[in-house]
Amino acid sequence: PGLGATVGVAWDQIDAIDGLRDRVESWIVSGGLAWAPRPWLQVGVLGSYLTRDGGGAGGGDFDVTRVG
9 PGLGATVGVA
19 WDQIDAIDGL
29 RDRVESWIVS
39 GGLAWAPRPW
49 LQVGVLGSYL
59 TRDGGGAGGG
69 DFDVTRVG
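60 is the number that the working numbering gives to position 52 of the sequence shown; each next residue is one higher, with no gaps.
Bear in mind the hints are in silico, worked out from the structure with no lab data behind them. A hint or two may mislead.
Label-pair distances were calculated between CB atoms; the ranges are [what the hints assert, rightly or not]:
#	residue 1	residue 2	range
1	Arg-46	Asp-26	55 to 61 Å
2	Arg-74	Ile-25	28 to 34 Å
3	Ala-42	Gln-21	19 to 25 Å
We put the beta carbon where it would ideally sit given N, CA and C, even for glycine.
Whenever a hint applies, use it, and build me the whole structure from the sequences.
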């Protein structure tokens, strides 16, 4: 049997545009585990969390959590 794991972190920044929008920042963290009890069968779980700060009073902030 085989066991595998993955982890990821990413950061993104979009600069402000005068009069149109403020700076936008995003973070995403992800990870997963996979197990192969047989060569022809693999089971696993994956998850991620994204947060975005739209900046300024205009809003645009949100969070997303995914599990599969």
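Hint check:
For Arg-46 and Asp-26, the Cβ-Cβ distance of about 59 Å falls inside the hinted range of 55 to 61 Å, so the restraint holds. Distance hint check: the CB atoms of Arg-74 and Ile-25 are about 30 Å apart, consistent with the given range 28 to 34 Å. The hinted window of 19 to 25 Å between Ala-42 and Gln-21 is violated, with their beta carbons roughly 32 Å apart.
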